[in-house]
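The chain contents come next:
2 protein chains.
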Amino acid sequence: MPSFKKYRVGKKFKLADVDPGESPFLEGDEASQGAQLDALAEELDELQNLLHAEGRRKLLLVLQGMDTSGKDGTIRWVFSRTSPLGVRVNAFKAPNDNERAHDYLWRCHAVVPRSGEIMVWNRSHYEDVLVPWVEGWIDEDEVRRRYAQIQDFERLLVETGTTVVKCMLHISKKEQRERLQARIDEPDKRWKFQMDDLQVREKWDAYQRAYEQALCSTSSSHAPWHVIPADSKRHRNLMIAQLLVSTLRDMKLALPPADPSLKGLVVK
Amino acid sequence: MPSFKKYRVGKKFKLADVDPGESPFLEGDEASQGAQLDALAEELDELQNLLHAEGRRKLLLVLQGMDTSGKDGTIRWVFSRTSPLGVRVNAFKAPNDNERAHDYLWRCHAVVPRSGEIMVWNRSHYEDVLVPWVEGWIDEDEVRRRYAQIQDFERLLVETGTTVVKCMLHISKKEQRERLQARIDEPDKRWKFQMDDLQVREKWDAYQRAYEQALCSTSSSHAPWHVIPADSKRHRNLMIAQLLVSTLRDMKLALPPADPSLKGLVVK
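Here the protein sequences come in this chain order: F and A.
Residue 116 in the UniProt record's numbering sits at position 116 of the first sequence; the count goes up by one each step and never skips.
Residue 59 in the UniProt record's numbering sits at position 59 of the second sequence; the count goes up by one each step and never skips.
Since the hints were made in silico from the structure, they are not lab data.
Quick caveat, the model's predicted, so the values are computed rather than measured.
Glycine included, every Cβ here is placed at the ideal spot set by N, Cα and C.
Any given hint might turn out to be false.
Rough simulated footprint, nothing fancy, chain F against chain A, three-plus residues with beta-carbon under 8 Å [claimed, not checked]:
# : stretch
1 : 55 to 68
2 : 78 to 90
3 : 176 to 184
Some chain A residues judged to face chain F by a derived CB distance under 8 Å, without partners named [said to hold, decoys possible]:
#  : residue
4  : D72
5  : I75
6  : R190
7  : W191
8  : F193
9  : L198
10 : P260
11 : L262
12 : V267
Isolated chain F (complex conformation):
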């Protein structure tokens, strides 16, 4: 297996240094890649069961990326074998009036994973810095303040038993054009198309800069960011599945100790 190290964000990380078209985690032909993903998805189910049985720790997967970068598809394929009993997804949209009436981390804190659970955030608290910064609603000082708050928030989660895995799905501008065009042209994809996506696309470069700042400001040893080359959907799925399985293996999950008073108990 290739190393994740190159894709883990450090202080001097440059987004432009990662080619969205790379596919280091793709090996073998298409059929064997499908089999690998299936095997990882099944192992993820076993590990999730153990996480649930252990009942103490939690895992939070944060998925960020430009429109069409494949956040939904990642969830569909990486969690194709896990049960909805133990995996929950929260999709963050633009904040509504009630959410805006609170601090921006309020709605996030409400949906952190519970013990034994994997929670997936489809977009996240990072949207509450990326969007207002690119749109010019907040200044550089406020950006710095928010990233410090976000680091504190993530440290709280980690110190109280949550493993935080953050992935930025990195696609090229060209790949996005093709995916948006497919949503317009192909009848069975058309329901996914939103006219707003074209306006956001016009700010592509500003968003790339904002992402680089987000990644560098908040990739910590307790909650590192991984940049996932995502022009290839199969590569994206395999790399994230591999990362999750590695992370859960490293947690050394185990069944809780048996209650000794159960020994010899007979049900009538």
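Assemble chain A onto chain F, guided by the hints.
Leaving out everything else, chain A in the frame of chain F:
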């Protein structure tokens, strides 16, 4: 395919008339049953996608049954191929202080499915009649009042676009003994065992009567109850998967109409 009719609860339904050991939906050998369930689980995923794309209607699956009747297992296997993007599970426990400070339907209403979603209730509002009635905390008048309220609540859901599927997982007292004993004896199942389950088991007959009353009082044409013979886990899974697939097929789900202004649009 056998008919669901025999298992749909009508006014003069007797729980004792359904043998928990029946398995009318089991056909062929074990391998072919596994393949059937897998095919149904995949069709359920396709139908769920369509429900999501259509984005108007919702489906609520209510699972009730005695301890060990297989509510978790049903969710694990019936939804083994669906994505957590479109299927959510809510497990109802004994109400906490905050929940008890509201009417008993308050916490249920908070977790009804949203448009395009399948929501599974692992236990439900029915616990708030079954338990207090068997424990003697409410009288017969209050039971009647609650079942009328529950019917009104379910009618609201149905009239606002939710298909309600209610399944009672019906096991025998003997089967429960074996499953509880297995939780005590088998190290990898021990974490599921709760001492309280033995006390509830002592009230088996009272719970069977309470269930019969619940089923007869609230099986309506808009939200019928189905009794699922569940001593065989494979039968239970196949019957419920079949019921869900039939229900979703009957909904005649379709992609939303395309926005004509998209025709010829080219992404730059």
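Check the structure against each numbered hint from earlier and tell me which ones fail, lowest number first.
1, 10
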